[in-house]
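A.B. asks: Now for the letters of each chain:
There are 4 protein chains.
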Amino acid sequence: MHIGLVGLGKMGNNMRARLRDKGIEVTGYDANPAVSDVATLADLAAGLPGPRIVWVMVPAGDITAGVIEELSKELSEGDLVIDGGNSKFTSDFANEKLLGDKGIKYIDAGVSGGVWGKENGYGLMVGGSAENVALAQPIFDALRPEGPREEGFVHAGDTGAGHYAKMVHNGIEYAIMQAYGEGYELLEARSDLIKDVPGTFKAWQRGTVVRSWLLELMVLALESDPKLAEISGYVEDSGEGRWTLEEAINHAVPMPTISASIFARFVSRQGEGSPTMKAVAALRNQFGGHAVKKA
Amino acid sequence: MHIGLVGLGKMGNNMRARLRDKGIEVTGYDANPAVSDVATLADLAAGLPGPRIVWVMVPAGDITAGVIEELSKELSEGDLVIDGGNSKFTSDFANEKLLGDKGIKYIDAGVSGGVWGKENGYGLMVGGSAENVALAQPIFDALRPEGPREEGFVHAGDTGAGHYAKMVHNGIEYAIMQAYGEGYELLEARSDLIKDVPGTFKAWQRGTVVRSWLLELMVLALESDPKLAEISGYVEDSGEGRWTLEEAINHAVPMPTISASIFARFVSRQGEGSPTMKAVAALRNQFGGHAVKKA
Amino acid sequence: MHIGLVGLGKMGNNMRARLRDKGIEVTGYDANPAVSDVATLADLAAGLPGPRIVWVMVPAGDITAGVIEELSKELSEGDLVIDGGNSKFTSDFANEKLLGDKGIKYIDAGVSGGVWGKENGYGLMVGGSAENVALAQPIFDALRPEGPREEGFVHAGDTGAGHYAKMVHNGIEYAIMQAYGEGYELLEARSDLIKDVPGTFKAWQRGTVVRSWLLELMVLALESDPKLAEISGYVEDSGEGRWTLEEAINHAVPMPTISASIFARFVSRQGEGSPTMKAVAALRNQFGGHAVKKA
Amino acid sequence: MHIGLVGLGKMGNNMRARLRDKGIEVTGYDANPAVSDVATLADLAAGLPGPRIVWVMVPAGDITAGVIEELSKELSEGDLVIDGGNSKFTSDFANEKLLGDKGIKYIDAGVSGGVWGKENGYGLMVGGSAENVALAQPIFDALRPEGPREEGFVHAGDTGAGHYAKMVHNGIEYAIMQAYGEGYELLEARSDLIKDVPGTFKAWQRGTVVRSWLLELMVLALESDPKLAEISGYVEDSGEGRWTLEEAINHAVPMPTISASIFARFVSRQGEGSPTMKAVAALRNQFGGHAVKKA
Numbered sequence: 001m002h003i004g005l006v007g008l009g010k011m012g013n014n015m016r017a018r019l020r021d022k023g024i025e026v027t028g029y030d031a032n033p034a035v036s037d038v039a040t041l042a043d044l045a046a047g048l049p050g051p052r053i054v055w056v057m058v059p060a061g062d063i064t065a066g067v068i069e070e071l072s073k074e075l076s077e078g079d080l081v082i083d084g085g086n087s088k089f090t091s092d093f094a095n096e097k098l099l100g101d102k103g104i105k106y107i108d109a110g111v112s113g114g115v116w117g118k119e120n121g122y123g124l125m126v127g128g129s130a131e132n133v134a135l136a137q138p139i140f141d142a143l144r145p146e147g148p149r150e151e152g153f154v155h156a157g158d159t160g161a162g163h164y165a166k167m168v169h170n171g172i173e174y175a176i177m178q179a180y181g182e183g184y185e186l187l188e189a190r191s192d193l194i195k196d197v198p199g200t201f202k203a204w205q206r207g208t209v210v211r212s213w214l215l216e217l218m219v220l221a222l223e224s225d226p227k228l229a230e231i232s233g234y235v236e237d238s239g240e241g242r243w244t245l246e247e248a249i250n251h252a253v254p255m256p257t258i259s260a261s262i263f264a265r266f267v268s269r270q271g272e273g274s275p276t277m278k279a280v281a282a283l284r285n286q287f288g289g290h291a292v293k294k295a
Numbered sequence: 001m002h003i004g005l006v007g008l009g010k011m012g013n014n015m016r017a018r019l020r021d022k023g024i025e026v027t028g029y030d031a032n033p034a035v036s037d038v039a040t041l042a043d044l045a046a047g048l049p050g051p052r053i054v055w056v057m058v059p060a061g062d063i064t065a066g067v068i069e070e071l072s073k074e075l076s077e078g079d080l081v082i083d084g085g086n087s088k089f090t091s092d093f094a095n096e097k098l099l100g101d102k103g104i105k106y107i108d109a110g111v112s113g114g115v116w117g118k119e120n121g122y123g124l125m126v127g128g129s130a131e132n133v134a135l136a137q138p139i140f141d142a143l144r145p146e147g148p149r150e151e152g153f154v155h156a157g158d159t160g161a162g163h164y165a166k167m168v169h170n171g172i173e174y175a176i177m178q179a180y181g182e183g184y185e186l187l188e189a190r191s192d193l194i195k196d197v198p199g200t201f202k203a204w205q206r207g208t209v210v211r212s213w214l215l216e217l218m219v220l221a222l223e224s225d226p227k228l229a230e231i232s233g234y235v236e237d238s239g240e241g242r243w244t245l246e247e248a249i250n251h252a253v254p255m256p257t258i259s260a261s262i263f264a265r266f267v268s269r270q271g272e273g274s275p276t277m278k279a280v281a282a283l284r285n286q287f288g289g290h291a292v293k294k295a
Numbered sequence: 001m002h003i004g005l006v007g008l009g010k011m012g013n014n015m016r017a018r019l020r021d022k023g024i025e026v027t028g029y030d031a032n033p034a035v036s037d038v039a040t041l042a043d044l045a046a047g048l049p050g051p052r053i054v055w056v057m058v059p060a061g062d063i064t065a066g067v068i069e070e071l072s073k074e075l076s077e078g079d080l081v082i083d084g085g086n087s088k089f090t091s092d093f094a095n096e097k098l099l100g101d102k103g104i105k106y107i108d109a110g111v112s113g114g115v116w117g118k119e120n121g122y123g124l125m126v127g128g129s130a131e132n133v134a135l136a137q138p139i140f141d142a143l144r145p146e147g148p149r150e151e152g153f154v155h156a157g158d159t160g161a162g163h164y165a166k167m168v169h170n171g172i173e174y175a176i177m178q179a180y181g182e183g184y185e186l187l188e189a190r191s192d193l194i195k196d197v198p199g200t201f202k203a204w205q206r207g208t209v210v211r212s213w214l215l216e217l218m219v220l221a222l223e224s225d226p227k228l229a230e231i232s233g234y235v236e237d238s239g240e241g242r243w244t245l246e247e248a249i250n251h252a253v254p255m256p257t258i259s260a261s262i263f264a265r266f267v268s269r270q271g272e273g274s275p276t277m278k279a280v281a282a283l284r285n286q287f288g289g290h291a292v293k294k295a
Numbered sequence: 001m002h003i004g005l006v007g008l009g010k011m012g013n014n015m016r017a018r019l020r021d022k023g024i025e026v027t028g029y030d031a032n033p034a035v036s037d038v039a040t041l042a043d044l045a046a047g048l049p050g051p052r053i054v055w056v057m058v059p060a061g062d063i064t065a066g067v068i069e070e071l072s073k074e075l076s077e078g079d080l081v082i083d084g085g086n087s088k089f090t091s092d093f094a095n096e097k098l099l100g101d102k103g104i105k106y107i108d109a110g111v112s113g114g115v116w117g118k119e120n121g122y123g124l125m126v127g128g129s130a131e132n133v134a135l136a137q138p139i140f141d142a143l144r145p146e147g148p149r150e151e152g153f154v155h156a157g158d159t160g161a162g163h164y165a166k167m168v169h170n171g172i173e174y175a176i177m178q179a180y181g182e183g184y185e186l187l188e189a190r191s192d193l194i195k196d197v198p199g200t201f202k203a204w205q206r207g208t209v210v211r212s213w214l215l216e217l218m219v220l221a222l223e224s225d226p227k228l229a230e231i232s233g234y235v236e237d238s239g240e241g242r243w244t245l246e247e248a249i250n251h252a253v254p255m256p257t258i259s260a261s262i263f264a265r266f267v268s269r270q271g272e273g274s275p276t277m278k279a280v281a282a283l284r285n286q287f288g289g290h291a292v293k294k295a
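Residue numbers (UniProt numbering), protein chains in the order written: chain A, 1 to 295; chain B, 1 to 295; chain C, 1 to 295; chain D, 1 to 295.
Treat the hints with care, since some could be wrong.
Note that identical chains are pooled: a pair holds if it fits in a single copy or bridges any two copies.
[As the list claims (entries may be wrong)] Restricting the straight-line Cα-Cα distance to at most 27 Å, the calculated cross-link-like pairs of lysine-lysine (DSS-like) are:
no. : residue 1 : residue 2
1   : Lys195    : Lys88
2   : Lys10     : Lys293
3   : Lys88     : Lys118
4   : Lys10     : Lys118
Hints were generated in silico from the structure; no laboratory data involved.
Let the hints inform the model, and build the full structure from the sequences given.
C.D. replies: This is the structure:
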């Protein structure tokens, strides 16, 4: 099998390597010529055997939309495009329409695993028709982890279902990370009693109810920086968490922990500039004459 | 009526003034001789007509406990002590016992109203026996706002009930302040659309569902500093919020908004030093290679 | 002044009465002939002096959109439409365009006050051009409460700003209601100590920090049903709360209390059917052998 | 090695089996003669070689306190008691004192793993002196999972640290369970799009960021009941979650996700009887005339 891969950043580059390792021929294209196998998207399309399969792995939003648009011109009837980026599921309906109008097939794929996926394999959630998914199954099998297919891959539903499942996955991920963080903070707050916080996390790796891959990463983080002294508590968020919450609202799903973990990230970037807390401080000052801290 | 008042800080000083205005004779004692009417607590006790009534208005915790202890020595059977500070309700059981062993009566009083109480009167919630409360009713009537007694005063129950009611009052207060703060922040975030944020708060003062005294204070705050530019989003918390939450836990009462408002204050004092968010940042870096901000 | 009013439900009917009381002539139209002044929207339009002003007060969403669409046909250049319903602010941009294409002017108005507005007046937040707002000012002045105009009315910004301000108002309202509810629940949980829960709320009406109009309503509710025994803890939510949260997400505004109050409503309608809690129960059973309650 | 084990319930019984499998002789005592190896605690004490080691595995609180009290009488200087139950860390200070007064040594041990521990081994967090821990190390090594000791066992600090670490572990556990539950609910809410919810969870087991042991249990639960149709969303909580939150409050540690998960359990047991939501419903009715659902 020989496929095209558009986007050779942190994720795409690793995926190209894993695919090749697993015997899939890959022609990669990236705007950065230093990592690209071909000069243009047209070259990429021209060099693939038909029916062509192109995996798109570029930043979600406008950039992905632009690539899909271009591919709709470079590819032809019977070809297949897979968007493996962190796209919003609603974009899949638009992509399917745009490409479908030219007879080009479409699959959306949520890809989890980060920088570890190259070695461990990637957790995959895909959406699309059974027929299309079957065409791409060798790619999915190369990317997913060793072990039973159904433990690292799911055909979750029709178009959009892959990105939707990945979106929910990330929402859950946010809350789990926050949960470990809160536990870490309490243990640290009682370092008078808990003499070995990194060791406590380390000991949770086997036998406990909270063991997980994220816990193992926490152990690695604490091994390299036991007090997390080098790192700032400033955390970005990406789209999936927000979309999860947006969907929760739309469907009346209560989501207290996932929302809390997203809000915690928002707050982490505000510091004492938080307008909410300025208002609270101002109110306390108004009614109680409580001293305020000057900005 | 002539009573003793121990503690002439921001609250006690105003209360002395209001009581005198209302025709109650007050001998005030404070550790600070500049504001004190007498030199010692013993002098205070000696100068009051029997049966003596002493209102204690000093910081909650050890300082209040110390004053109660001293009063148990200076006063005698049939006298009455009222703790009007922001004490934890559990301290009232101890105070009642300590004083009761000497035949001294006890009332706990939660006092709300802040610096505005001098003029507006104070909202009062009291705990103790009906007999004791009756003895102190003229004081309560002088301190509480004009209007029907039951709209600014409640005999909420036996000993501890006054401080308990005040504790819950403050828990609610925290959440309401936070709610206005969150609304303020969103309006500010859309200042492209909302051209007059202070004016919007001002307009909520009549006719709307959210009109309240705290809203009026918000209007005052925004009038003096329309962008809250001078104030830092750093907010202290006092005991009552925490005790409210502690009681909620003990009695399986879900308290999502009150807890959220307390946690928001905790976070406001951490900035990028938040251990929780350091852990979250570290995890993101571990799995995704996401850049972290150096501490 | 003589205006048209479309929608004579709970709100519209009261508003017609108040407007007439204040000397504004109103022709009302409702699909229900029993309350309508005219038979059709066309009749309404035909009967108004030009330039015509029509206030729309029907359920948000499709129904409002339908009325606006019809009005775009019945009215003509120079006329003015005001949407006073609980519409999403984004609908205002569409309305403005649709009507503007025919030279019809547009204002969006957020109206607060519920069934009490007829007597107390309505809090008003409006969006649109200064010129258009000036045309409708007599109507706003008739609807708003007595007192200084700026304490019950704000021209918050251009089109959409009125509904936006109302949306945020309702988000805040949700959280304040939840805060009182949580406090109420804790007081009730300690009815061993707090002997008079309704009396405690009643006493918060004067002098305290938490006094508000919603508190007064809580007092009324507890006066008619001191244990809230007649009422189920099942609470609907309307669009504004959800939109507030959606906007918060879009603009990275942390909103822990407002989101918590919305989620509490979602949960209140699920009971033991909550899928989240079924999953939690299933997990407890899996790891600990904890008994589960059968559905 | 030959030790005593008090308490042969779900946990104790499994632990006895595992210890014996690993070559540790165990005399078990339980109030239920059907499972007990001896008739009385005195018999247990009499039958152990000195210095005696007794592991206590009974319900936390009064029952554990009673057993410790009895053991303080049956054991003698140089013996060692280990409390392995889900006790509050503060009880360890009392136990240490009571036993220490008689020269009896004390260790607190947090034990995680539930019904799976018999086979997988138990995650262990212990508190006490290095000397005491060394005495009991063979027991810990028999109970903990295979693999490096430090991945399933930690000597977290002095007395109390073991139960403290377990407490925090359980707090984190609550939030992680809630996070999966929320994700599950959203996926189910969109079963129009996600055609295979159990398969999605199953596919998260390898390669993804959210893989964990709890996720594996979720897969098992969904395999036996794909819609969780047999189970009610009614969830108990035990002490550890509440204590975690109590400690968070005491140390100003923000804990939005852990608190949310605890509150969700509280609410799950209230249904439409929630006093908070009754209050909210009553308020909506008061201001908006919104219909309420009768209790």
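A.B. asks: As a check of your reading, is Lys10 near Lys118 (CA-CA no more than 27 Å) within one copy, between copies, both or neither?
C.D. replies: within (10 Å within a copy, 43 Å between copies)
A.B. asks: I want to check one pair: Lys88 and Lys118. Are their C-alpha atoms no more than 27 Å apart within a copy, between two copies, both, or neither?
C.D. replies: within (24 Å within a copy, 44 Å between copies)
A.B. asks: Taking 27 Å as the upper bound on the Cα-Cα distance, should Lys10 and Lys293 be classified as within, between, both, or neither?
C.D. replies: Close across copies (19 Å), not inside one copy (43 Å); limit 27 Å.
A.B. asks: Classify it for me, Lys195 with Lys88: is the Cα-Cα distance of at most 27 Å met within a copy, between copies, both or neither?
C.D. replies: between (44 Å within a copy, 18 Å between copies)
In this structure, none of the earlier numbered hints is contradicted; all agree with it.
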